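Input sequences plus hints: build the corresponding full structure.
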Amino acid sequence: ADKVNHGPTLVIHGGAGIINRNNFPESKQKEYIDALNGALLVGYEILKKGGDSIDAVEASVRVMEDCPFFNAGKGSVFTLSGKNELEASIMLGIDSHTAGACTLLHTVKNPITLAKTLLQDPENPHVFLGGIEAEKYAKSKGLEMVDPAYFWTKQRWKQHLDGLEKKKPENLKMLNNLDGGDSRDADDPISMGTVGAIAVDINGIISTATSTGGFNNKKDGRIGDTPLIACGTWADNETCGVSGTGNGEFFIRHGVAHDVAARMKYLKESVQDAASTVVRNLKKVGGDGGVIALDKYGNFAMPFNTDGMFRGYIRVSEGVPYAYIFNEQ
Amino acid sequence: MEDCPFFNAGKGSVFTLSGKNELEASIMLGIDSHTAGACTLLHTVKNPITLAKTLLQDPENPHVFLGGIEAEKYAKSKGLEMVDPAYFWTKQRWKQHLDGLEKKKPENLKMLNNLDGGDSRDADDPISMGTVGAIAVDINGIISTATSTGGFNNKKDGRIGDTPLIACGTWADNETCGVSGTGNGEFFIRHGVAHDVAARMKYLKESVQDAASTVVKNLKKVGGDGGVIALDKYGIFAMPFNTDGMFRGYIRVSEGVPYAYIFNEQ
Numbered sequence: 001a002d003k004v005n006h007g008p009t010l011v012i013h014g015g016a017g018i019i020n021r022n023n024f025p026e027s028k029q030k031e032y033i034d035a036l037n038g039a040l041l042v043g044y045e046i047l048k049k050g051g052d053s054i055d056a057v058e059a060s061v062r063v064m065e066d067c068p069f070f071n072a073g074k075g076s077v078f079t080l081s082g083k084n085e086l087e088a089s090i091m092l093g094i095d096s097h098t099a100g101a102c103t104l105l106h107t108v109k110n111p112i113t114l115a116k117t118l119l120q121d122p123e124n125p126h127v128f129l130g131g132i133e134a135e136k137y138a139k140s141k142g143l144e145m146v147d148p149a150y151f152w153t154k155q156r157w158k159q160h161l162d163g164l165e166k167k168k169p170e171n172l173k174m175l176n177n178l179d180g181g182d183s184r185d186a187d188d189p190i191s192m193g194t195v196g197a198i199a200v201d202i203n204g205i206i207s208t209a210t211s212t213g214g215f216n217n218k219k220d221g222r223i224g225d226t227p228l229i230a231c232g233t234w235a236d237n238e239t240c241g242v243s244g245t246g247n248g249e250f251f252i253r254h255g256v257a258h259d260v261a262a263r264m265k266y267l268k269e270s271v272q273d274a275a276s277t278v279v280r281n282l283k284k285v286g287g288d289g290g291v292i293a294l295d296k297y298g299n300f301a302m303p304f305n306t307d308g309m310f311r312g313y314i315r316v317s318e319g320v321p322y323a324y325i326f327n328e329q
Numbered sequence: 330m331e332d333c334p335f336f337n338a339g340k341g342s343v344f345t346l347s348g349k350n351e352l353e354a355s356i357m358l359g360i361d362s363h364t365a366g367a368c369t370l371l372h373t374v375k376n377p378i379t380l381a382k383t384l385l386q387d388p389e390n391p392h393v394f395l396g397g398i399e400a401e402k403y404a405k406s407k408g409l410e411m412v413d414p415a416y417f418w419t420k421q422r423w424k425q426h427l428d429g430l431e432k433k434k435p436e437n438l439k440m441l442n443n444l445d446g447g448d449s450r451d452a453d454d455p456i457s458m459g460t461v462g463a464i465a466v467d468i469n470g471i472i473s474t475a476t477s478t479g480g481f482n483n484k485k486d487g488r489i490g491d492t493p494l495i496a497c498g499t500w501a502d503n504e505t506c507g508v509s510g511t512g513n514g515e516f517f518i519r520h521g522v523a524h525d526v527a528a529r530m531k532y533l534k535e536s537v538q539d540a541a542s543t544v545v546k547n548l549k550k551v552g553g554d555g556g557v558i559a560l561d562k563y564g565i566f567a568m569p570f571n572t573d574g575m576f577r578g579y580i581r582v583s584e585g586v587p588y589a590y591i592f593n594e595q
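First to last, the sequence lines map onto chains U and G.
Numbering follows this note's numbering, in which position 325 of the first sequence is assigned residue number 325; successive positions increment by one, without gaps.
Numbering follows this note's numbering, in which position 116 of the second sequence is assigned residue number 445; successive positions increment by one, without gaps.
For the record, the hints were derived by calculation from the structure and aren't laboratory data.
A quick note: this is a predicted structure, and the numbers were derived from the prediction, not measured.
Subject to a maximum C-alpha distance of 30 Å in a straight line, what follows is the list of computed DSSO-like cross-link-like pairs (lysine-lysine):
id	chain 1	residue 1	chain 2	residue 2
1	U	Lys219	G	Lys375
2	G	Lys405	U	Lys219
3	G	Lys550	G	Lys432
4	G	Lys562	G	Lys549
5	G	Lys405	G	Lys349
6	G	Lys424	U	Lys136
7	U	Lys83	G	Lys375
8	G	Lys432	U	Lys136
9	U	Lys268	G	Lys550
Just so you have them, the derived chain G footprint on chain U, three or more residues with Cβ under 8 Å:
id	region
10	89-99
11	119-133
12	218-227
13	230-244
Listed below are several chain G residues computed to face chain U (Cβ distance under 10 Å; list not exhaustive):
id	residue
14	Leu395
15	Gly490
16	Gly514
Beta carbons are placed, not taken as given, at the ideal position from N, Cα and C, and that holds for glycine.
See the structure below:
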């Protein structure tokens, strides 16, 4: 294992899945790379000044939530009934493993900020809030609230309608197995998605943040892995931070985020070995997706078992963002 | 246990801050695919564990976890027994709710324990935390785990605990064990407790007893009260807890005698 301490580092992802290169020209790819770089630079500025990793990951995820390209915040996919239903979680790697998570949100502009507020609010004894009550809490804490229509984008609405079309009996033979069927859209470059960020700061503290709109035409009321600590998000200074993207149900059934850290803790694997093994094993049981993982020395991994995964990293020691889509890394 | 008013699940569930019953449950199969079902923020489903099982077994359902009104609509559409929210009310839990609100008043605040346990520790009530759970291994060597709860007394409305969270409050894997937790849910979430017991068995090759008792001991060190039950496919089990007591029991088909305990008498 790499024992060099690379110093404050930020790693992000913008979703893994099927990326149809026919519908994803280089000009469009560049737009996504620029967006990833933008998210990296915002987090970097915080880490560079000696800021906390939790602020860096929140800021980076907010950029991706606000960006319509990614399936989180604005640009989120729609539920079966045509609503946007968002969720997020955040966790600190300190001994107490404080965490915040929220789900079934319709009017919170930045779910990751709600998750962070839950984590940091000294009057809140809970980790996870969902639904209308979570939204009331967000409003009471002064978070920016929006009309549900704020999250709408043409691309995702089209993906929703196309998905409904596919479900019609006459089109059923085109449908993939249920687990991936609704989210695999040949016409859409990013058919799965979630965004996430992990950072280690100058104090050696790891924070992880994950946020999503879920998957295209998910049932209303469906909660995925993204707000689930131990499944879609994990942070522990002694092992690593992990943020997942892909078919959420598999991440839940296999406790993916915690499993990466458990392999490091109990098998003494490196962050790269632990993350890549878990992602490979996930593929064997039919789970598509990827993770980003980062240890407190700044060693990281970004394995995925799909066509591509929007991702990137930046080190404070270097100050240059690196962003990738396919296997070019 | 959901239908029995003694336990904090189904009828006899604790109340939220606003005086509602909000229930949740999860269930998981230890087969390779680790199928699971979970539900939360329920007000009208008589048996949440049956909703969780329905989600798991429904071939037209691609999801593991549903919450809120949509979860209730799904339950109704599947013919599950629906009840008026008042069905879950019991006098004991309503008193616990009111007593908890009383404690929060400024003049009473010095009596309050730290927030994490404060609302649920009620000296007058014998069972101040709770959740119910069960793990079984059948003739085919398949492990299943089920957990169900009303949450904790005066929890914020909308609060989701560890009980419906796969890897935190519930786990099942034939090659390691089934785990069902009870106690301060937020700690079970932050420490991925159910999965951690199984990970110790898988990676450290610990026995189910060692894995479960170590995790529960470690939980205490970070301030988490509670316990777990854990069972492997050979029928070896553990029921460690770090609190005064834990309602629990077991039965083996080979013997046909149930054993039930409350304190450390086992």
